[in-house]
Amino acid sequence: MFATGLPQIGEAYFTAASMMIGITSGIQIFCWLATMWTGRLRLTTATHFVFGFIFIFVAGGLTGLMLASIPLDLQSHDTYFVVAHLHYVLIGGALFPLFGGFHFWFPKFTGRMIDERLGKISFWLLFVGFNTTFFPMHLLGLHGMTRRIYTYSPELGWGNANLTATIGAFTIAIGGIVFIANVLRSRRSGPIAGADPWDAATLEWAAASPPRPYNFALLPTVTSGAPMWTPPEDRGVVTGMRPDRREVLVTTLTEAQPTQRMVLPGPTPWPFLAAFGFTIGLYGSVFAFSWHYIAAALGMIGLIGWFWPRRPLEIEP
Amino acid sequence: MTPVRTLDVTGLPMYEISSRAPLWWGQLLLCVIEGSVFSILIAMYFYLRLSVDVWPPTRVQLLHTGLPTLALIPLLLSAGGSYIASEAAKKNSRVGMLVGLGSNLGLALVFLSFRFVEWRTFNFTWASDIHGTLVWSILFLHTFDVAADLIMTLVLVVIVAIGRYGPKQRIGVHVDSVVWYFLVLIWLPLYVVLYWGPRLVGGA
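If you read the protein sequences in the order shown, they are chains R and W.
Just so we're aligned: 35 in this note's numbering is position 35 of the first sequence, and the numbers increase by one with no gaps anywhere.
Just so we're aligned: 1051 in this note's numbering is position 51 of the second sequence, and the numbers increase by one with no gaps anywhere.
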C-alpha cells in the first residue's frame, strides 16, 4: 500500500492497522499455545498439521510486522520477500489448518478412519516442501529479485536459491499426491470409525458418522462447553417440538434458555421474484440510472407479496 | 446412550411481540448496516472537504436552513406515531395501531413534501461537483430508506384496516418502529452536516 502514492496520513493509518494485526494474531497464538499446554496432546496427523500451521504462520506473521514499517516495505516492495511473506501467511494460516481439519473430521463425514501413517508422510512432505520452496524467497527478495518475472540473467546469482525452491515445489506436489491417494484409499477401505473415534468434546461427535440429514432425532441439551465429556446421566434432550413443520427454538442470548418455539415460513416463490427484480434492476443500473426504479418496484412487489398474510393467521401450537 | 433428562418445550409461545422476536434483531442489524453506510458518507464528506479551499464551490449557493429545520417538526412527531403503533401492537389494539401507523405515515409524508419543495431550490446537480455528489448521495439514500419504510407502513395500515392480521403481522407493526426511530435519529446528524457543516467549516 505504501508504494501507491497515498498521502502521509494514509500511510500512518496503514502502518497502525498492520501493527494492530500483530496484536490480535499474537493473542490468538498464545490462546492456541495455552489450549495445547493445558490439554493432553495426541500426536495425530491433525495435530501435526496444527503444529505446522503455527510454525509457518508465526514466521509469516513476523515478516508481516516487518512489512508494516514504511521504509522496509518500500525497499522490499514487489520483491520475492513479499511473495515469501504472503505464502507463509496464506498457506500457513489457511491451508495447513484446512488439512488438519480435513484429517480430524474425515471420520465424521465419511464414516471411515483416514490412514495415520500415510497422513504423517504427506504432512512431512508438505511441511518440508513448503519451507524449501518459500524460505529461500525471503533471501531472493532481499537480494533484489522482483516478482512476476519469468527469467533473469545468470550473473545475478539467484540460480541456487531458485533451484532449491523448485525442488521444494516438486516435494509439495508429491505430498499432495500422497494426501489424495490416502483420501481415496481410506474412503474405500479405512476402518469403520463409529460416532466418536477421537473421544472428542464437541457435539458433532454425538451424531452418527456420516451424520443423518437431520443431525439429531431429538435436539440435545448442552450444559457445558464440552458436552460430550458431560457424564451421561447429566445429558438431556429437548422434547415437544413438532416434526411436521419448520420449528426452531428461540433462546436467551447468554444462558440459552428456550423462550419461543418459532415456526419458520414454508417454501414460496415470492423471494425469488424479489431477488430477480433486484438482480436485473441493479445490472441495468450499470447502463441507465432509471433501472434503479425498476429494481425497487419489482423488489418491493416481491417482498410485499412475501409478507402478505396467509390464512390461518394464527398458527396452532 | 439413553438420555435421562428431558426438556419439554410444548408450552412455549409461538410468538413474542417484543425485542425478543428474531425479526426485531434483524431490523436492528439492518439499522447497523444503514448506519455504517451513512457514517462512511459523513466521513467522505469531511475527507473530501479537506481537498478544496472553499466548500461548497463559490457558484453553489449555501443550502437554505429554514425549510429543513421546519421539516424536523413533523419528522420528530412521526416517531411518536410509531411509538403508539408499536405499543398498540403489543396490546393488540386495532384502533391504536391504525392511529399510530396513520399518524406516522401522514407526518412522514409532510416531511417528505417539505424535502421535495426544498430540492427545487438547489442550484447544483449530483454531477456538478464533489459537494453536489455528496449532498445528493446522502439525501437520495435517506429519502430512499424513508420511502421504503413508508411503503412498509402503508402495507401495514392496509393489513390492519382490513383486519387481515395475526400475531405475526403485529410483530411487523412492532418492529416497523425500530427502523423508523433509526431513520429519524440518523437524520439529525445528517441534517447538521449538510446544512450547518458548510457554515461552520466552509472556508472562504
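For the record, the hints were derived by calculation from the structure and aren't laboratory data.
A portion of the hints provided could be inaccurate.
Selected chain W positions facing chain R (Cβ under 7 Å, derived; list incomplete) [what the hints assert, rightly or not]:
| # | residue |
| --- | --- |
| 1 | L1012 |
| 2 | K1090 |
| 3 | V1155 |
| 4 | G1163 |
| 5 | Y1165 |
Heads up, the beta-carbon is just placed ideally off N, CA and C, and yes, glycines get one too.
Taking the hints in turn, this is what the structure says about them:
1. L1012: holds (4 Å)
2. K1090: violated (15 Å)
3. V1155: holds (6 Å)
4. G1163: Violated, about 9 Å.
5. Y1165: holds (6 Å)
Checked against the numbered hints above, the structure breaks hints 2, 4 and satisfies the rest.
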